[in-house]
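Chemist: Okay, here's what each chain looks like letter by letter:
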Amino acid sequence: MSSAIDVAHADAEKLPLNWSLWLRQVGTIFRLEIQKNFLSRRSTLIYLIAFLPLFPLVAFAFVTPNTNEFRDFNQYSITYSIIYNGLILRTLVFFGSAWIFMNLFRGEIVDRSLHYYFLSAVRREVLVVGKYVSGLVTTVVLFTTTTVVAMLLLYFPHFYSQSVRYFTEGRGLGQLLTYAGITILACIGYGAFFLVVGLFIRNPIIPALLLYGWEWLNFLLPPVLKKISVIHYLNSLVPVPLSEGPFAVIADPTPAYIAIPSMVLVTILVLVLAAFRIRHMEIRYGSD
Amino acid sequence: MTAADQLIIFDNVSKFYGEILGVNRVNLQIAPGITSLVGPNGAGKSTLMNLMTGLLRPTRGSITLLGIPTDQPERLFRKVGYCTQFDSFPRGVTGREFINSFLMVHGYDRRRANQLSHLALERVNLVDAADRKVAGYSKGMRQRIRLAQSIAHEPAVLILDEPLNGLDPMVRAETIALFRKLAAEGLHLIISSHILHEVDMMSDRVVLLNNGYIVAEGDIHGVRDEMEEHPMQILIRCDQPAKLAAYVFGQKHVVEARLHEDRGGLFVKTKDADRFYLMLNRAVAEGEVNLESVAPVDDDLSAVYQYLIGTTGGSA
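Taken in sequence, the protein lines are chains A and B.
For the first sequence, counting from 1, position 155 maps to 154 in numbering that gives the first Met the number 0; every step adds exactly one.
For the second sequence, counting from 1, position 169 maps to 168 in numbering that gives the first Met the number 0; every step adds exactly one.
Keep in mind that a hint or two might mislead.
[Said to hold, decoys possible] Here chain B is said to cover these stretches of chain A; the calculated rule only asks that three of the stretch's residues, wherever they fall, bring their Cβ under 8 Å from a Cβ of chain B:
1. 21-33
2. 110-124
[Said to hold, decoys possible] Non-contacting residues of chain A with respect to chain B, defined by C-beta distances greater than 10 Å in every case (computed):
3. 69
4. 176
5. 216
6. 263
7. 264
8. 265
9. 279
10. 282
Just so you know, the hints here were simulated from the structure itself, not pulled from any lab data.
No residue lacks a Cβ here, since even glycine has one placed at the ideal position from N, Cα and C.
Please construct the entire structure, taking both the sequences and the accompanying hints into account.
Modeler: Take a look at the structure:
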């Protein structure tokens, strides 16, 4: 046998196919993707989107609207719940996750660079895991920061001493951690969905908008259908529940001990689907 | 290790893009050395290479490279490097980062990745530009950095889709020399090219493709010999071409004898080149003519390509 083939076989022996190699490969893919997510030109846009909800709250820190809701400290937990639900969870986390997770694969197909990963000695399932973890860390860092800073920006500028007591002795810290936890769970669930959509569908905006509509109409759906959504489980965990209006169909919230494992389980199933898809995926940029 | 573990084997492989044929019923066994895929645009060369590397999956049939099926990239790309035609790169990387990052995805640690990427950059003569952004590279440099990426992990099979595109003549010659060196080390090199005289120069064997079918394969002279419907044309330069014409005309295997325009040579078309050369030796021995030179006129890839595919192929 020739020397070159000998070298290749020797190297193959040095890199056994096992968990330690897969973990190292996940780590490498994670680092490459994190660099792209946080340090590329494209990341400027995602920073802007991620911190957009903070701009009105910074303005609010300097100017207090002359209405009763903003003079009463006890109303702030409801105000934050409204901001969190409407602006952070349903808009920022949803569309931010869509942008980041869809681009993990779709972005590389558009850039015509996905084949470099496919030409590496790496299991494609490992690629899915590495990319998903990088997307998850990116979204969790950005959106949890926004969740926490938004809450602090709402409370502290106008009621500093009361806020200190609320967050150290009262329910404030617990609520803050719960909201952060819901944000993380949303990144986990929406992230897996958008990752797989980016793998299956050439124009993933349409399914993203369909899901967005489904999530917003969730309050009108019968209890059985409510459970086929991400937002139902997230809403079940919100520490300050909001009224969904006079037309809402009331359903019992799902307890946390069911909601959290259910979300994680569905996420795992969706990632298995993504792994199956990528295992059979072809590179045909022309048709993409 | 079985013989199959040293071959690239296509077993009745077909690939369709919906209704459109990519390649059809390909049966091939490729041994170490340089094998060139030749054919016009759309013949199926890139499809065959993408099938070989698992970027495409066959509609029918199976492919193994050194005994490894193409749907196991984690094993396959320890032994295979592929320099594609896609002229695109991850954003914002330097040449060195580009190679390093993918060596690390292979599983090498940073130190070994640095060593291997430096060796690869040296081999393609790109060390000086290694720390510049790939986006600022010329077309030839981009071609070379892709080549470096494909050889960096020291594969046993190297697949190169139009690897000489965009290279200037000097680098082209260096690159061909590199291919020869790699082939001499025992690698399989599968190269597609439009530039027939370069393919002719460097290939141990060729695979001619047209419209998704393999129309001929093997050593170029062997392929030429098998083309009975196209008699081989030989130019004999001698002192008495007219006399030689009369001498050869009676032979059954000679189908045409024509004087060269300068009257200093004779074109002969023969169905059996071996018998013709024997006859020519006899004529010389009998003192009929004094030879200056004897050379086949259409025993090269261009002629074979023209006969089989019907065009003149590409040129540099």
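Chemist: Three residues minimum, CB to CB under 8 Å: does the stretch 21-33 of chain A make the cut for coverage by chain B? Let me know.
Modeler: holds (count 5)
Chemist: Checking the smallest CB distance to chain B, is residue 176 of chain A really beyond 10 Å?
Modeler: Check passes; 36 Å lies beyond 10 Å.
Chemist: Examine each Cβ of chain B, and state whether all of them lie more than 10 Å from the Cβ of residue 216 of chain A.
Modeler: The claim stands: residue 216 of chain A keeps its Cβ more than 10 Å from every Cβ of chain B (closest is about 37 Å).
Chemist: For residue 69 of chain A, is the shortest CB-to-CB distance to chain B above 10 Å, so the non-interface label stands?
Modeler: The assertion about residue 69 of chain A holds, with a minimum of 45 Å to chain B.
Chemist: Minimum Cβ separation between residue 263 of chain A and chain B greater than 10 Å?
Modeler: Answer for residue 263 of chain A: holds, closest chain B Cβ roughly 27 Å.
Chemist: Please check whether the stretch 110-124 of chain A has three or more residues whose CB lies within less than 8 Å of a CB on chain B.
Modeler: Satisfied; 13 residues make the cut.
Chemist: Can we confirm that no CB of chain B comes within 10 Å of the CB of residue 265 of chain A?
Modeler: Nearest chain B Cβ is 28 Å from residue 265 of chain A, so the label holds.
Chemist: Taking the shortest Cβ-to-Cβ distance between residue 279 of chain A and chain B, state whether it exceeds 10 Å.
Modeler: violated, 7 Å
Chemist: Does residue 282 of chain A really sit off the interface, with its C-beta more than 10 Å from all C-beta atoms of chain B?
Modeler: Since the minimum Cβ distance to chain B is about 4 Å, residue 282 of chain A lies within 10 Å and the statement is violated.
Chemist: Per the stated criterion, does the least C-beta distance between residue 264 of chain A and chain B lie above 10 Å, as a non-interface residue requires?
Modeler: holds, 27 Å
Of the numbered hints listed earlier, those contradicted by the structure are 9, 10.
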